[in-house]
Amino acid sequence: GDSVTQMEGPVTLSEEACLTINCTYTATGYPSLFWYVQYPGEGLQLLLKATKADDKGSNKGFEATYRKETTSFHLEKGSVQVSDSAVYFCALSDPEGAQKLVFGQGTRLTINP
Amino acid sequence: NAGVMQNPRHLVRRRGQEARLRCSPMKGHSHVYWYRQLPEEGLKFMVYLQKENIIDESGMPKERFSAEFPKEGPSILRIQQVVRGDSAAYFCASSQRTVYMNTEAFFGQGTRLTVV
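Listed in order, the protein sequences are those of chains X and Y. Position 99 of the first sequence, counting from 1, maps to 101 under our numbering, and the rest follow consecutively. Position 70 of the second sequence, counting from 1, maps to 193 under our numbering, and the rest follow consecutively.
Note that these hints are calculated values from the structure, not bench results. Values in this document were obtained by computation on a predicted structure and should not be read as measured data. Just to be clear, a hint being listed does not mean it is correct.
[Stated by the list, open to error] Okay, derived cross-link-like pairs now, DSS-like style, lysine-lysine, Cα gap no bigger than 27 Å in a straight line:
hint, chain 1, residue 1, chain 2, residue 2
1, Y, Lys-174, Y, Lys-194
2, X, Lys-51, Y, Lys-150
3, Y, Lys-167, X, Lys-54
4, X, Lys-51, Y, Lys-167
5, Y, Lys-167, X, Lys-58
6, Y, Lys-167, X, Lys-70
[What the hints assert, rightly or not] Residues from chain Y that face chain X, not an exhaustive set, calculated with beta carbons under 7 Å:
hint, residue
7, Gln-173
8, Phe-188
9, Phe-230
10, Gly-233
All C-beta atoms, glycine included, are put in the ideal place defined by N, C-alpha and C.
Sequences and hints are given; from them, build the entire structure.
Given below as structure tokens:
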């Protein structure tokens, strides 16, 4: 079945460091890809998305490019802030089921001042 | 426009009791999804409902779990005879159309169920 694999966490960085969180996927069709963020005690918020190959999603300084050839959707940010500390989830929309999201296991990010 | 509302936020049940989790979707949304998040894990799909219909329940445990989304009122996830392994965060999401149709799913804040 479809699956998403994320870089193992936790990840700890200093403020203003560069961030990359790796995400690769397995899908039989052409899924849409998402990054969600979960702040402590909160639900998930959509951070960015891409719906077809070579699309780049971006929001709040974060970017991710849909790479069909490497089946990847890595999350990047050039300069992180303390407020970016959260758990980040990569997800795909299941092209077979067409109704649900398939999530990676999440990567906990902590940014130190 | 209020977001997806889940209640209660925290629920404690003793083993063998019933747990009822409620989800009110965003206004105008007729698609509801339930996900379960075990500690330190990602979210796992449980069930997808439209008004009065269960469309996909492939992620629901075969026993003790049920879900409904009546014509009027919130969607309900019901867990009968809870066990310690049911302790998790349960998230509800809603959308106007199916997720695959490039429509964003909005998540509630979740209900954290603790079975003691």
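Taking the hints in turn, this is what the structure says about them:
no., hint, result
1, Y:Lys-174 <-> Y:Lys-194, "6 Å, holds"
2, X:Lys-51 <-> Y:Lys-150, "23 Å, holds"
3, Y:Lys-167 <-> X:Lys-54, "24 Å, holds"
4, X:Lys-51 <-> Y:Lys-167, "19 Å, holds"
5, Y:Lys-167 <-> X:Lys-58, "26 Å, holds"
6, Y:Lys-167 <-> X:Lys-70, "24 Å, holds"
7, Gln-173, "10 Å, violated"
8, Phe-188, "16 Å, violated"
9, Phe-230, "4 Å, holds"
10, Gly-233, "5 Å, holds"
Hint compliance for this structure: hints 7, 8 are broken, all remaining hints hold.
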